[in-house]
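Engineer: Top to bottom, those sequences are chains A and B. Our numbering puts the last residue of the first sequence at 238; the count rises by one with no breaks. Our numbering puts the last residue of the second sequence at 1687; the count rises by one with no breaks.
Bear in mind the hints are in silico, worked out from the structure with no lab data behind them. Note that the coordinates shown come from a computational prediction; the quantities given were computed from them, not determined experimentally. Every residue gets a Cβ at the ideal spot worked out from N, C-alpha and C, and that includes glycine. You may find that some hints are simply not true.
As the list claims (entries may be wrong) - Using 25 Å as the maximum straight-line C-alpha spacing, the simulated SDA-like pairs for lysine to any residue come out as follows: (1) A:K77 x B:G1427; (2) A:K77 x B:L1488; (3) A:K137 x A:D175; (4) A:K77 x B:V1484; (5) A:K137 x B:G1427; (6) A:K77 x B:P1657; (7) A:K137 x B:L1684; (8) A:K137 x B:R1430; (9) A:K137 x B:I1516; (10) A:K137 x B:E1514; (11) A:K137 x B:T1536; (12) A:K77 x B:E1621; (13) A:K137 x A:P153.
To be verified - Chain A regions said to be covered by chain B (calculated; three or more residues, Cβ under 8 Å): (14) 99-108; (15) 133-140; (16) 163-172; (17) 218-232.
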Amino acid sequence: MIALEFAGVTKRYGSRPALDQVNLAVPEGGSVGLLGPNGAGKTTALRLALGLARPSAGSVRMRGRAPSDPQSRAKIGYLPELPPFPRRMTVGRFLHLQAALCGLDGRLARREVDAALELTGVRDRAPERLGSLSKGLAQRVGFAQAFLAQPELLILDEPTSGLDPLGIREARDWVQAARDRGCTVVVSSHVLSEIERTCDQIIILHSGRVAASGSLEQIVAPGETLEDAFVRVVRS
Amino acid sequence: MTGQLRAFGLLAIEALRDAVRRRLVIAIAVLTSVFLYGVQRCASSAELVVAGTDFDPDTVNLLLGSGLFFWLSLAVVNLAGLLATDSLAEPISDRSVVLWLARPVSRNTYATARLAGVLILVVAAAIALLGGVTFFLRLHPLPVGIGAALCLLGCVPVACFAMGIALWVPRIVSALLSLVAIQVIVAVNVAVLIGWEPEGWPLWLDRLAPPLGHGISQAVLLWNPDFTHLADPANVALRLAVWAGLSVALLLLAFRRLELPKT
């Protein structure tokens, strides 16, 4: 089963194409890293997958459904870049509401929220307002909300942004734990080492097109690092 | 469907809690309390003054009450426009809308929940203000009920248009446009009620725009025996209901077509 599929997807902002005839398929249980220079279309691709923007041409299917269908987002965990939290809400209230929107009730919701707070190390921040959190803590809360309700597909946009080295290592472990339970992971990042450690498939976007895709072994030539391969693909 | 209803309830409650956190509820409650205290003092003073004259206290209360009822109804409609301006525009401008819509929540559910949050607040303010005036001035409850219902029905298109306009223009501009539009429509409607025969755009505005002024004037017309024949609450209710349905549909259409976060 395909978790996320783009078929001939083009997205234009005015006359500028942000994505141009993109085809990609993420199998269930897979982990895919979206790489690309700034403006390559990585975030646009994630927005299209979540139904936040509409493709100008082509079609997007998430777990077999159109993104406009709310059920396509059931069992999805999404971490946007620099999570845009409602500033006046407390961490605890925000996570409880997110859990409730995932369909969890009462005790089950409390248990899920407690587990997510515990996992991401922000349990003692539950009564604090989201607007008062530092960048790193906000990112941890972002992970906590993405991990609620045992997601089957995780979509992470620049997941290590704002985290310290310890946090980066922890985040890697959280994502790996999700993968171990069979969760599909799609990560968009500039940090090549993170992609290298987290993903088994790589898609390099450049100027809105898929410049290269495949496993690490297929993309990285012998004697090359992922960075070398990335630069080679983008420059060519 | 059940999932969307549940999400609607959760998000509507959250919209109300958001208003509480922004201290809007406290501000409205304080203003309402101060105002009602003034009305209560005014009502008791009116009885004292009337005691030494030939005026009937009930007549004074009716005159005072109908004037107050009209202005308070207008204030409630304006409040709907002001509250609605921020309701959908704020989560879009701070991008937090993305986190809610990444859950299995449809855009229709999200927008109607935000609208419901505004309308619940407006209904509470209307009950406190119009109910308080009715109680202190001993007004007849039937015209009050009809007037309040039409006033609240008029709040729906006002809130929808304020929310919709704020999707495209800065919130302050949206608030000002809403306030100006409400005052112009009400002024034209009332002028027509008291005998003005408009031509050109005021005529079309009176016939085609949401009849806000006609709505909030119905209670006053029903109270006054000289004007009762001008009252037509059923027709006004029908026009307002059509506008309410149309405006909700337009708001949902506009929100569904919006690319998020706005770039």
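Engineer: Take the C-alpha atoms of A:K137 and A:D175, compute the straight-line distance between them, and say whether it is at most 25 Å.
Structural biologist: 20 Å, holds
Engineer: Starting from A:K137, check that the Cα of B:R1430 is at most 25 Å away, please.
Structural biologist: Measuring from Cα to Cα gives roughly 32 Å; hence the hint is violated.
Engineer: Are there three or more residues in the segment 218-232 of chain A whose C-beta lies closer than 8 Å to some C-beta of chain B?
Structural biologist: violated (count 0)
Engineer: Using C-beta distances, would you say chain B covers the segment 163-172 of chain A, given that this needs three or more residues below 8 Å?
Structural biologist: Result for this restraint: violated, n = 0.
Engineer: The segment 99-108 of chain A covered by chain B? Criterion: 3 or more residues, Cβ-Cβ distance below 8 Å.
Structural biologist: Coverage by chain B holds here, the residue count being 6 at a Cβ distance below 8 Å.
Engineer: Would the hint linking A:K137 and B:I1516 be met if the CA-CA limit is 25 Å?
Structural biologist: The hint holds at about 21 Å.
Engineer: For the pair supplied as a hint, A:K77 and B:P1657, confirm whether the alpha-carbon distance does not exceed 25 Å.
Structural biologist: 49 Å, violated
Engineer: Run the distance test for A:K77 versus B:G1427: straight-line Cα separation, threshold 25 Å.
Structural biologist: Cα-Cα ~14 Å, so holds.
Engineer: Verify the proposed pairing of A:K137 with B:T1536, using a straight-line Cα cut of 25 Å.
Structural biologist: 32 Å, violated
Engineer: Can the restraint linking A:K77 and B:E1621 be considered satisfied, given a maximum Cα separation of 25 Å?
Structural biologist: Roughly 61 Å separates the two Cα atoms, so the pair is violated.
Engineer: Is the hinted pair A:K77 and B:V1484 satisfied, with a Cα-Cα distance of at most 25 Å?
Structural biologist: 64 Å, violated
Engineer: Next pair to validate is A:K137 with B:L1684; report whether the Cα-Cα distance is within 25 Å.
Structural biologist: 22 Å, holds
Violated hints, in rising order: 2, 4, 5, 6, 8, 11, 12, 15, 16 and 17; the structure is consistent with all others.
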